[in-house]
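Take the sequences, apply the hints, and build the full model.
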Amino acid sequence: MDTASLIFYLLAALLVIASLLVVFLRNVVHCAMALVSALLLIAVLFVTLQAPMVGVLQVMVYAGAIMVLFLFVIMLLNPAALERQRGLWWGFGAMLALMLAGVLVPLVMTNDLPADPVAATELFGSPEMLAKSLFSDFVLPFEIASVLLLVAIIGAVVLAKREN
Amino acid sequence: MIALHYYLILSAVVFAIGVVGVLIRRNLIVILMSIELMLNAVNLTFIAFSRYLGSTDGQVAVFFVMAVAAAEAVIGLAIIISVYRHRQSLDPQEMQLLKW
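Taken in order, these protein sequences are the chains called A and B. As numbered in this note's numbering, residues 1 to 164 make up the first sequence, in order. As numbered in this note's numbering, residues 1 to 100 make up the second sequence, in order.
Rather than coming from a laboratory, the hints here were simulated on the basis of the structure. You can trust all of the hints, since none of them are fake.
Simulated restraints, written as ranges between beta carbons of each label pair:
| id | chain 1 | residue 1 | chain 2 | residue 2 | range |
| --- | --- | --- | --- | --- | --- |
| 1 | B | Val42 | A | Ala131 | 19 to 25 Å |
| 2 | B | Gln96 | A | Thr121 | 51 to 57 Å |
| 3 | A | Pro127 | B | Gln96 | 45 to 51 Å |
Computed footprint of chain B on chain A, listed as stretches where at least three residues anywhere in the stretch have a Cβ under 8 Å from a Cβ of chain B:
| id | segment |
| --- | --- |
| 4 | 61-71 |
| 5 | 107-116 |
Every residue gets a Cβ at the ideal spot worked out from N, C-alpha and C, and that includes glycine.
Here it is, written out as structure tokens:
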């Protein structure tokens, strides 16, 4: 086994463990920490897939900003009481998820997918290439995204404002 | 080199784990975290396809997914704060005002 596959298997195993911890840990802060590690592992996977710019964005936006927001809300609300568990629901959810995985995985296996990546140029995944694509083909979605973020800011302020 | 299948299977598994979280957890914050996990599983397929098909479009799509996910997290958490102020609870089972 070569180094690339070894790294992939290691990252995949850690990612699955971290995701399971997000779902099955009972303390919310521990869940948030598990989610941070899962997001960082995905960022490493991005870098191994020749997407360094997106990997950096992942660390900054997801593992940085969004997770700080989550932790801030957890601290603000202090949900100290651990949630009660329901045996029936756990079995039901696990069964549905197994069915979903059982549909998705064979679907992936039957499709005719490329086994080897296209030979990438030096620039592939660099900020230059991403920006060129973003500001030529995707200018309109880019502008709409800025409007969306503005709406989100205003909405958050209005929703979280104390009423009196 | 690893075949594309492996990345897709990995992200299918992570997505399914996120679905479990949304279905069985009874804490709104953890449900929102599971949704973030599912979005990231999809991002992984975008990046894998972008690499194996040699196109930057997948990476641009991930860029937009991140922007939407940030907006979603902000609005979702604001709603959670607002709900907590009214009901003093984060349990979705107790939010049944519209239920007959």
